[in-house]
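Enquirer: Chains P and V, in that order, give the protein sequences.
Going by my numbering, the first residue of the first sequence is number 29, and it counts up by one from there.
Going by my numbering, the first residue of the second sequence is number 5, and it counts up by one from there.
Please note: incorrect hints may appear among the correct ones.
Calculated pairs, BS3-like style, for lysine-lysine (alpha carbon to alpha carbon, straight line, at most 27 Å) [said to hold, decoys possible]:
{"no.": "1", "chain 1": "P", "residue 1": "72", "chain 2": "V", "residue 2": "39"}
{"no.": "2", "chain 1": "V", "residue 1": "39", "chain 2": "V", "residue 2": "289"}
{"no.": "3", "chain 1": "V", "residue 1": "199", "chain 2": "P", "residue 2": "40"}
{"no.": "4", "chain 1": "P", "residue 1": "63", "chain 2": "V", "residue 2": "39"}
{"no.": "5", "chain 1": "P", "residue 1": "49", "chain 2": "V", "residue 2": "186"}
{"no.": "6", "chain 1": "V", "residue 1": "135", "chain 2": "P", "residue 2": "40"}
{"no.": "7", "chain 1": "P", "residue 1": "40", "chain 2": "V", "residue 2": "70"}
{"no.": "8", "chain 1": "P", "residue 1": "88", "chain 2": "V", "residue 2": "39"}
{"no.": "9", "chain 1": "V", "residue 1": "263", "chain 2": "P", "residue 2": "50"}
{"no.": "10", "chain 1": "V", "residue 1": "62", "chain 2": "P", "residue 2": "50"}
{"no.": "11", "chain 1": "V", "residue 1": "157", "chain 2": "P", "residue 2": "88"}
{"no.": "12", "chain 1": "V", "residue 1": "200", "chain 2": "V", "residue 2": "39"}
{"no.": "13", "chain 1": "V", "residue 1": "263", "chain 2": "P", "residue 2": "40"}
{"no.": "14", "chain 1": "P", "residue 1": "42", "chain 2": "V", "residue 2": "289"}
{"no.": "15", "chain 1": "V", "residue 1": "200", "chain 2": "P", "residue 2": "72"}
{"no.": "16", "chain 1": "P", "residue 1": "50", "chain 2": "V", "residue 2": "186"}
{"no.": "17", "chain 1": "V", "residue 1": "39", "chain 2": "P", "residue 2": "50"}
{"no.": "18", "chain 1": "P", "residue 1": "88", "chain 2": "V", "residue 2": "293"}
{"no.": "19", "chain 1": "P", "residue 1": "40", "chain 2": "V", "residue 2": "159"}
{"no.": "20", "chain 1": "P", "residue 1": "42", "chain 2": "V", "residue 2": "39"}
Just so you know, these hints were derived from the structure itself, not from any lab.
On a predicted model such as this, the values are computed, not experimentally measured, just so you know.
The primary structure of each chain is shown beneath.
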Amino acid sequence: MKIEILGTGCAKCKTLYENTKKALEASGKSAEVVKVEDIPSIMKYGVMSTPALVIDGQVKFSGKVASVAEISAML
Amino acid sequence: MLKSFADYIVFNLIGLIPGSRLGEALNFFIYDTVKIFLLLSTIIFVVAVIRSSFPPEKTKRILSHKREYIGNVLAALLGIVTPFCSCSAVPLFIGFVESGVPLGVTFSFLISSPMVNEVALIMLWGLFGWKIALIYIGSGLLVAIVAGIVIGKLKMERYVQDYVWEMQVGNGEITVMNFRQKLDYAREYTFDLLKKIWPYVVIGVGLGAFIHGYVPQDFLVRWAGRDNPFAVPVAVALGVPLYSNAAGVIPIVQALMEKGMAIGTVLAFMMAVTALSLPEAVILKNVLKNRLLCVFFGIVAVAIICVGYLFNAIL
Numbered sequence: 029m030k031i032e033i034l035g036t037g038c039a040k041c042k043t044l045y046e047n048t049k050k051a052l053e054a055s056g057k058s059a060e061v062v063k064v065e066d067i068p069s070i071m072k073y074g075v076m077s078t079p080a081l082v083i084d085g086q087v088k089f090s091g092k093v094a095s096v097a098e099i100s101a102m103l
Numbered sequence: 005m006l007k008s009f010a011d012y013i014v015f016n017l018i019g020l021i022p023g024s025r026l027g028e029a030l031n032f033f034i035y036d037t038v039k040i041f042l043l044l045s046t047i048i049f050v051v052a053v054i055r056s057s058f059p060p061e062k063t064k065r066i067l068s069h070k071r072e073y074i075g076n077v078l079a080a081l082l083g084i085v086t087p088f089c090s091c092s093a094v095p096l097f098i099g100f101v102e103s104g105v106p107l108g109v110t111f112s113f114l115i116s117s118p119m120v121n122e123v124a125l126i127m128l129w130g131l132f133g134w135k136i137a138l139i140y141i142g143s144g145l146l147v148a149i150v151a152g153i154v155i156g157k158l159k160m161e162r163y164v165q166d167y168v169w170e171m172q173v174g175n176g177e178i179t180v181m182n183f184r185q186k187l188d189y190a191r192e193y194t195f196d197l198l199k200k201i202w203p204y205v206v207i208g209v210g211l212g213a214f215i216h217g218y219v220p221q222d223f224l225v226r227w228a229g230r231d232n233p234f235a236v237p238v239a240v241a242l243g244v245p246l247y248s249n250a251a252g253v254i255p256i257v258q259a260l261m262e263k264g265m266a267i268g269t270v271l272a273f274m275m276a277v278t279a280l281s282l283p284e285a286v287i288l289k290n291v292l293k294n295r296l297l298c299v300f301f302g303i304v305a306v307a308i309i310c311v312g313y314l315f316n317a318i319l
């Protein structure tokens, strides 16, 4: 599984990154988590509000910081 | 009810004398903070529920290939309900322009969205009354529409950074939330926002209370009154570095108005605080060449100054 956190490096993006890590740890699943910060890659997903979470190439949500519980439900 | 609550605490519990400077300032502080936080938490929540129905992807679809004028009006109106944070200004700008939203229409959105925001409106409504809040919405929309039309007429597409036009933009899906999710989203949004702005509100109301109790009446009439033609441009210039602290700035401004600052000057100052910000300029520099960035700031500043003079003259 590949998880991407889209965002240009604002505080919210960092929080989402941390929450995703925590959700992964709690679930015991293994996945590669990467931060995507360059604009062209973000735009490729058609995301217009950051941060956004992408799992295996599919945008799960954009424009909010999801809680650990919410992310766990998506893994 | 809030008034008697503040009176009770200050004059009965603490035992200050009504009419004393400290008593009046503290009374003002407690009354205003409680009122503002009540207003903020309820209204931000309601606004967030409404906003969850207008993701930027949907707004983009509505605005794409719209003609000027009607497009500018729609963009300014949608700017009120579409959630916007200056940290997403770049993807938003590219998404709009790429999907065929005309440049001028995009600017109407970019101007109205931060300027006509719920925090500024709540603070204005709570401290100045609904009439001033409505005037602020009306003139904010007007500034956004007119500035967007002018930028559109100037045909400045070539001053958008070149890479923007070559960008490959994916088709963003619209995430549809059910009602339960909307409420969750709104709750989180409200908490986040309150957590971010509460210190500014407390400091702003505190300073406002100090001015209210200690600065002599009519102190500002000479400098910021309606007869000083320089008051409006100076207020706009002062507003630029105060970005995003609308919550803290409005209580101070209210106290200044009591001491003689004219209403048009107050409105112009508020608009400059919310609409013209240096951090946003730095972010937009990623997608705009210097010339367009300067034109954008210049036109918005001029429009805001006009609004200031207008309301100083008629109110």
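Enquirer: Does each hint fit the structure? Answer for all of them.
Expert: Status of the hints after comparison with the structure:
1. Proposed proximity of residue 72 of chain P and residue 39 of chain V is contradicted: the alpha carbons are some 45 Å apart, above 27 Å.
2. Restraint check for residue 39 of chain V and residue 289 of chain V: not satisfied, since their Cα atoms lie roughly 39 Å apart, outside the 27 Å limit.
3. For the hint pairing residue 199 of chain V with residue 40 of chain P, the CA-to-CA distance comes to about 13 Å; that is within 27 Å, so the pair holds.
4. Of the supplied pair hints, the one linking residue 63 of chain P and residue 39 of chain V is violated, its CA atoms being roughly 41 Å apart against a limit of 27 Å.
5. For the proposed pair residue 49 of chain P and residue 186 of chain V, the alpha carbon gap of about 25 Å is at most 27 Å, so the pair holds.
6. The suggested pairing of residue 135 of chain V with residue 40 of chain P is violated, with an alpha-carbon distance near 35 Å, which exceeds 27 Å.
7. For the given pair, residue 40 of chain P sits about 33 Å from residue 70 of chain V by alpha-carbon distance, which is inconsistent with the 27 Å threshold.
8. Between residue 88 of chain P and residue 39 of chain V, the direct Cα distance comes to roughly 38 Å. Violation of the 27 Å bound is thereby established for this hinted pair.
9. For the hint pairing residue 263 of chain V with residue 50 of chain P, the CA-to-CA distance comes to about 53 Å; that exceeds 27 Å, so the pair is violated.
10. Under the criterion of a C-alpha separation no larger than 27 Å, the hint pairing residue 62 of chain V with residue 50 of chain P is inconsistent with the structure, at around 32 Å.
11. A hinted pair counts as satisfied when its Cα atoms are at most 27 Å apart, and residue 157 of chain V with residue 88 of chain P does not qualify at roughly 39 Å.
12. Taking the CA atoms of residue 200 of chain V and residue 39 of chain V, the gap is near 18 Å; set against the 27 Å cutoff, the hint holds.
13. For the given pair, residue 263 of chain V sits about 40 Å from residue 40 of chain P by alpha-carbon distance, which is inconsistent with the 27 Å threshold.
14. Only pairs whose Cα atoms come within 27 Å are accepted, and residue 42 of chain P paired with residue 289 of chain V is accepted, the gap being roughly 23 Å.
15. Taken as a hint, the residue 200 of chain V and residue 72 of chain P pair is broken in the structure, with Cα atoms around 31 Å apart against an allowance of 27 Å.
16. Of the supplied pair hints, the one linking residue 50 of chain P and residue 186 of chain V holds, its CA atoms being roughly 24 Å apart against a limit of 27 Å.
17. Proposed proximity of residue 39 of chain V and residue 50 of chain P is contradicted: the alpha carbons are some 38 Å apart, above 27 Å.
18. For the given pair, residue 88 of chain P sits about 33 Å from residue 293 of chain V by alpha-carbon distance, which is inconsistent with the 27 Å threshold.
19. Pair hint residue 40 of chain P plus residue 159 of chain V does not hold up; C-alpha atoms about 35 Å apart against a cutoff of 27 Å.
20. Restraint check: the Cα-Cα separation between residue 42 of chain P and residue 39 of chain V comes to about 33 Å, which exceeds 27 Å; the hinted pair is violated.
The structure fails hints 1, 2, 4, 6, 7, 8, 9, 10, 11, 13, 15, 17, 18, 19, 20 (numbered hints given earlier, in ascending order).
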